[in-house]
Amino acid sequence: MKKIATGNKAIAEAVKQALPAVVAAYPITPQTEIVETIADYVTSGQMKSRYIPVESEHSAMAACIGAGITGVRTFTATSAHGLLYMHEMTNWAAGARLPIVMANVNRSLGPGWNIWAEHTDALQERDTGWLQVYVSTVQEAYDTTLMAFRIAEHNDVLLPVMVNLDGFSLSHIMQPLDTVEPGDFIPPIHLPHAIDTKNPAGYGGLTGPDQHFRFRWEIERSMRDSVKVIAATEKDFADRFGRSYGPTEEYRCEDADVILIAIGTLGKEAEVAIDILRKEGIKAGSMRLRWFRPFPKLNLAGKEVVVIDRDYSFGYGGIVAHEIKAKNRCEMYSVIAGLGGQEVTYDDMVEFVRQRRMGEEFWFGVT
Amino acid sequence: MIIAEIPKEEYLKKCTSACAGCSSSLILRYVLKAAGEDTVLVVPACCTSVIQGIYPNTAMNVPVYNVAFAAAAACASGMSEAFQALGRKTHVIVYAGDGGTLDIGIQSMSGAFERGTDFLYICYDNEAYGNTGMQRSGATPLGAKTTTTPTGKTVEKKDIDAIAAAHHLEYMATACSAYPLDIYKKVAKALTFRGPTFIHILAPCPPGWRYPTEKTIDMGKLAVKSGMWVLYEREHGKLTITAPSKAAMKKPIPLEEYLAPQGRFSGIDKKSLEILKQQLAVNLKKLAAEEAEP
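Protein sequence lines correspond, in order, to chains H and Z.
Count along the first sequence from 1, then add 363; that gives the number in my numbering.
Count along the second sequence from 1, then add 18; that gives the number in my numbering.
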């Protein structure tokens, strides 16, 4: 069904259709519309879920964990400070092998208070064992949320999935949304280690140095196996509903000499910059990283790469740039732009590519 | 009810890794007998995290969900809601120490109480962080030595019962490891209520309180007889003092008889002792007055 929706509404719509048994959430700007919409669906009977209005994000994730271990589907949504406040429990959720789906509306971290888009919040969660995907349109936010439940709950994965969307520049903008009837696209959840009082077991108790690493390895093995599950899920989604995405979205990369890489909405905006650069005779293409964990295999050999990081690791550099560098041999120009919602237009991106100084880092707007 | 009527089923096996004379494992044994097999225990970081054994072994015969220190009540909220969604009547019981209740877990406990989560929250209180070697907690009494209050705590014990009562719980109670039948009855009763219930149980700790292991039961009884610990129930807000405390309140034994056998109170200064005595008297008077005229 075709409609117009914000990124937040699209997420809520997908969650309504995936029908988690339990949603536990705490409000934070710019995520609020997601939880308000879900609370409204539950209150009005449109969604037969139980909504737990917890007193903090730490408790939101704890409640999803407590619900999840009974074997039911769970969902939460957060942003920035909320995400970091639940950091202890995001680790717990992955370690407990619970396929929780969470929408994270990417936002800057204080101080000072800044509610606009930045990716440092989610990237600080990259080592928790969560799958991470970054979306760029309202339609993609909806489609990816539906896929996230199926991927997380697949018995070869059983890891939580974080669907990231940019604060305001996607959470609050209106775009066309074509909703689907998911049918059996998301099969019923089956958690093999769900609590069974007839067959009592201990969960997460003392685990010695002779055992703990085995559980860590199991997480990594499932993370690697998730690559196939993601691909199969995206293919089935494309077959059923006609829209396909992939681990990265490439634009005019085939014959490109220089590739502009970004995640989220900037990665989409980059396509406009590429068209302008092509008109100037610069053989440029853009690549939007969609899945960040598991980190995709990229084909950048022999290319000049310009990476826009809407995030930063102090004393080191742009996080995305360095993640790419660690896995690929390529010449790179690292641009730090868009922090705390700093405006970055496609004209600015054109300039980043034109001025590229390989091997250097450039902070946009800092003079 | 007499002790012989307590079910023979054991849900806490004898192979625990508890310290000798551990009263919290004694409490847990009776809690689980009262709750029965259709029960899930949610345990934040505390002595019980260790007592249950090391993976892949467990001394527990009910599912135990171990969770982060601050998260027990919120985890129970999710679990309780999920069981309701599944149409199951499984009891969800948080079994948390005083640190996980009065200090780091107080926010999630308050949230779960306020939301009306259907669960029982049990705080077993050994008045310090026992699992990590006896550092002070909000439950440590004035004057008690711990590893982080080496000359004795200079501030009073937090009144968690008053805080719990402020959530207008339909049922809350106090208990003590020296009175297992009372624990059994109170847990069984708490589980008949829908919504949040709370039981605060004193759990004397031989290594932490520094008394011989065989004195654990005596220590609990001295706590009650001196009036330092009062057993009661608060049902729909109405206070009822439990029998052993009723007798003790009429003629409490001198507080020194409770403090003297405990190394943690050795050399307590006169001023702290005086304050403890004054507070004890005020508390007993207040509770007696409330019971007489609710």
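Check before you lean on any hint, since a few could be wrong.
[Stated by the list, open to error] In silico BS3-like cross-links for lysine-lysine, where the CA-CA straight-line distance does not exceed 30 Å:
(1) K561/H x K207/Z
(2) K107/Z x K175/Z
(3) K268/Z x K561/H
(4) K107/Z x K379/H
(5) K561/H x K26/Z
Hint data in this document are derived by calculation from the structure and do not stem from the laboratory.
Hints and how they fare:
no., hint, result
1, K561/H x K207/Z, "holds (23 Å)"
2, K107/Z x K175/Z, "violated (36 Å)"
3, K268/Z x K561/H, "violated (47 Å)"
4, K107/Z x K379/H, "holds (26 Å)"
5, K561/H x K26/Z, "holds (18 Å)"
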